[in-house]
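Kindly generate the complete structure, drawing on both the sequences and the hints.
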Amino acid sequence: MFAHLASECSCSGGAVVELGKAIRNRKLQLIVVEPKNLESAASEKQSPLPRLVQKAMEITQGPVDFIYTSNSEARVFEKWRVAKTPEILVFDRKGALVYQGAIAADPKGDEQPELFLSKVLDDIEAGRPSRWTKHEAFGCALLFGPLAR
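All letters in the sequence shown, in the order written, are residues 0 to 148 by numbering that gives the first Met the number 0.
Treat the hints as calculated values from the structure; they're not laboratory data.
Heads up, a few of these hints could be off.
[To be verified] 16 Å max Cα-Cα, derived EDC-like pairs, lysine to aspartate or glutamate:
| no. | residue 1 | residue 2 |
| --- | --- | --- |
| 1 | K93 | E124 |
| 2 | K133 | D122 |
| 3 | K78 | D64 |
| 4 | K133 | D91 |
| 5 | K26 | E124 |
| 6 | K26 | D122 |
| 7 | K133 | D105 |
| 8 | K26 | D121 |
| 9 | K26 | E77 |
| 10 | K26 | D91 |
| 11 | K133 | E113 |
| 12 | K26 | D64 |
| 13 | K20 | D121 |
| 14 | K20 | E113 |
| 15 | K20 | E57 |
| 16 | K118 | D91 |
Next up, the structure:
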(Lines of atoms letter the chains of each structure in order from A; the text may use other names.)
(Lines give C-alpha, C1' and ligand atoms only; values in the text may rest on other atoms or scores of the structure.)
Protein backbone atom coordinates (compact mmCIF):
# COMPACT_ATOMS: atom_id res chain seq x y z
CA MET A 0 0.00 0.00 0.00
CA PHE A 1 1.33 3.42 -0.94
CA ALA A 2 0.35 6.61 0.90
CA HIS A 3 1.15 9.99 -0.60
CA LEU A 4 1.35 12.54 2.19
CA ALA A 5 2.99 15.98 2.23
CA SER A 6 4.30 17.81 5.28
CA GLU A 7 3.28 21.16 3.74
CA CYS A 8 -0.39 20.06 3.39
CA SER A 9 -2.64 20.50 6.43
CA CYS A 10 -4.94 17.79 5.03
CA SER A 11 -2.08 15.27 5.26
CA GLY A 12 -1.57 16.08 8.91
CA GLY A 13 -5.20 15.30 9.70
CA ALA A 14 -5.20 12.23 7.49
CA VAL A 15 -2.51 10.49 9.53
CA VAL A 16 -5.02 9.74 12.28
CA GLU A 17 -7.50 8.23 9.80
CA LEU A 18 -4.66 6.29 8.19
CA GLY A 19 -3.62 4.91 11.57
CA LYS A 20 -7.19 3.84 12.36
CA ALA A 21 -7.63 2.19 8.95
CA ILE A 22 -4.51 0.06 9.22
CA ARG A 23 -4.89 -0.72 12.95
CA ASN A 24 -4.06 -4.35 13.74
CA ARG A 25 -3.50 -5.26 10.08
CA LYS A 26 -0.46 -7.01 8.69
CA LEU A 27 0.59 -5.04 5.62
CA GLN A 28 3.38 -3.03 4.08
CA LEU A 29 2.88 0.73 4.05
CA ILE A 30 5.12 2.88 1.89
CA VAL A 31 4.74 6.61 2.51
CA VAL A 32 6.02 8.79 -0.31
CA GLU A 33 6.26 12.50 0.39
CA PRO A 34 6.08 14.47 -2.86
CA LYS A 35 8.61 17.27 -2.92
CA ASN A 36 8.55 20.06 -5.43
CA LEU A 37 11.93 21.13 -6.74
CA GLU A 38 12.13 24.18 -4.44
CA SER A 39 11.50 22.26 -1.23
CA ALA A 40 13.74 19.41 -2.43
CA ALA A 41 16.55 21.93 -2.95
CA SER A 42 16.12 23.53 0.48
CA GLU A 43 15.99 20.11 2.23
CA LYS A 44 14.47 21.49 5.40
CA GLN A 45 13.53 19.08 8.19
CA SER A 46 10.18 17.47 7.36
CA PRO A 47 7.60 16.98 10.13
CA LEU A 48 6.09 14.11 8.14
CA PRO A 49 8.06 11.25 9.71
CA ARG A 50 6.89 12.49 13.14
CA LEU A 51 3.28 12.49 11.89
CA VAL A 52 3.69 9.04 10.40
CA GLN A 53 5.18 7.83 13.68
CA LYS A 54 1.94 9.01 15.30
CA ALA A 55 -0.02 6.90 12.79
CA MET A 56 2.17 3.90 13.56
CA GLU A 57 1.46 4.32 17.29
CA ILE A 58 -2.29 4.29 16.53
CA THR A 59 -2.03 1.08 14.46
CA GLN A 60 -1.03 -1.19 17.34
CA GLY A 61 -0.12 -3.78 14.76
CA PRO A 62 2.57 -5.42 12.65
CA VAL A 63 2.84 -2.77 9.90
CA ASP A 64 5.99 -2.90 7.78
CA PHE A 65 6.67 0.80 7.23
CA ILE A 66 8.93 2.58 4.71
CA TYR A 67 9.24 6.38 4.31
CA THR A 68 10.80 8.19 1.37
CA SER A 69 10.58 11.57 -0.31
CA ASN A 70 10.62 12.00 -4.06
CA SER A 71 10.84 15.00 -6.35
CA GLU A 72 10.45 13.07 -9.61
CA ALA A 73 7.09 13.84 -11.18
CA ARG A 74 7.05 10.59 -13.17
CA VAL A 75 6.46 8.57 -10.01
CA PHE A 76 3.22 10.47 -9.39
CA GLU A 77 2.26 10.78 -13.05
CA LYS A 78 2.41 6.99 -13.54
CA TRP A 79 -0.48 6.54 -11.11
CA ARG A 80 -2.11 9.92 -11.90
CA VAL A 81 -1.74 11.05 -8.31
CA ALA A 82 -2.86 14.67 -8.32
CA LYS A 83 -3.49 15.49 -4.66
CA THR A 84 -2.14 14.72 -1.26
CA PRO A 85 -3.12 12.78 0.77
CA GLU A 86 -3.92 9.92 -1.59
CA ILE A 87 -3.72 6.15 -1.06
CA LEU A 88 -2.99 3.35 -3.52
CA VAL A 89 -3.80 -0.19 -2.35
CA PHE A 90 -2.33 -3.18 -4.15
CA ASP A 91 -3.32 -6.80 -3.60
CA ARG A 92 -0.77 -9.57 -2.96
CA LYS A 93 -0.35 -10.07 -6.73
CA GLY A 94 0.57 -6.39 -7.22
CA ALA A 95 -2.69 -5.33 -8.87
CA LEU A 96 -4.09 -1.90 -7.97
CA VAL A 97 -7.40 -2.48 -6.18
CA TYR A 98 -8.11 1.00 -4.78
CA GLN A 99 -6.89 4.55 -5.32
CA GLY A 100 -8.09 7.68 -3.62
CA ALA A 101 -9.10 9.17 -0.31
CA ILE A 102 -8.38 7.61 3.07
CA ALA A 103 -11.74 8.91 4.29
CA ALA A 104 -14.56 11.17 3.17
CA ASP A 105 -13.89 14.90 3.34
CA PRO A 106 -14.41 15.63 7.04
CA LYS A 107 -15.82 19.14 6.55
CA GLY A 108 -19.02 19.30 8.56
CA ASP A 109 -18.92 15.58 9.25
CA GLU A 110 -17.96 14.53 12.77
CA GLN A 111 -17.21 10.96 11.73
CA PRO A 112 -16.32 10.80 8.02
CA GLU A 113 -16.70 7.48 6.24
CA LEU A 114 -13.40 5.60 6.26
CA PHE A 115 -13.06 4.34 2.69
CA LEU A 116 -9.63 2.80 3.21
CA SER A 117 -10.72 0.78 6.23
CA LYS A 118 -13.66 -0.73 4.34
CA VAL A 119 -11.51 -1.54 1.30
CA LEU A 120 -8.97 -3.33 3.52
CA ASP A 121 -11.82 -5.23 5.23
CA ASP A 122 -13.00 -6.43 1.81
CA ILE A 123 -9.53 -7.54 0.75
CA GLU A 124 -8.88 -9.38 4.02
CA ALA A 125 -12.24 -11.16 3.67
CA GLY A 126 -11.34 -12.26 0.12
CA ARG A 127 -14.04 -10.10 -1.47
CA PRO A 128 -13.56 -7.65 -4.31
CA SER A 129 -13.10 -4.11 -3.01
CA ARG A 130 -16.43 -2.27 -2.74
CA TRP A 131 -14.71 0.76 -4.30
CA THR A 132 -11.87 0.98 -6.75
CA LYS A 133 -11.60 4.75 -6.70
CA HIS A 134 -12.67 7.69 -4.56
CA GLU A 135 -11.51 11.16 -5.45
CA ALA A 136 -8.91 12.35 -3.00
CA PHE A 137 -9.29 15.77 -1.45
CA GLY A 138 -6.44 17.94 -0.26
CA CYS A 139 -3.59 19.92 -1.73
CA ALA A 140 -2.85 19.65 -5.45
CA LEU A 141 0.66 18.51 -6.30
CA LEU A 142 2.63 21.25 -8.06
CA PHE A 143 3.87 18.78 -10.68
CA GLY A 144 0.95 16.35 -10.86
CA PRO A 145 -1.83 16.02 -13.43
CA LEU A 146 -3.72 19.04 -12.01
CA ALA A 147 -0.70 21.32 -12.54
CA ARG A 148 -1.11 21.20 -16.31
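Hint consistency between K133 and D91 [alpha-carbon to alpha-carbon, up to 16 Å]: holds, 15 Å
16 Å Cα cutoff - pair K118, D91: Distance ~14 Å between K118 and D91 Cα, so the pair holds.
16 Å limit on alpha-carbon distance, applied to hinted pair K20 and E57: Between K20 and E57 the Cα gap is close to 10 Å, so the pair holds against 16 Å.
Pair hint outcome, K133 versus D122 [Cα-Cα no greater than 16 Å]: Since the Cα atoms of K133 and D122 sit roughly 14 Å apart, the hinted pair holds (cutoff 16 Å).
Agreement of K26 and E124 with the hint, judged by alpha carbon distance not exceeding 16 Å: holds, 10 Å
Pair hint outcome, K26 versus D121 [Cα-Cα no greater than 16 Å]: holds, 12 Å
Satisfaction of hint between D64 and K78, Cα-Cα up to 16 Å: Violated. K78 to D64 sits at ~24 Å, over the 16 Å cutoff.
Satisfaction of hint between D105 and K133, Cα-Cα up to 16 Å: holds, 14 Å
Hint consistency between K26 and D91 [alpha-carbon to alpha-carbon, up to 16 Å]: Holds. K26 to D91 sits at ~13 Å (cutoff 16 Å).
Hint consistency between K26 and D64 [alpha-carbon to alpha-carbon, up to 16 Å]: holds, 8 Å
Pairwise hint evaluation, E124 against K93, where the allowed Cα distance is 16 Å at most: holds, 14 Å
Pair hint outcome, K133 versus E113 [Cα-Cα no greater than 16 Å]: The hint holds at about 14 Å.
When held up to the earlier numbered hints, the structure conflicts with 3, 9 and fits the remainder.
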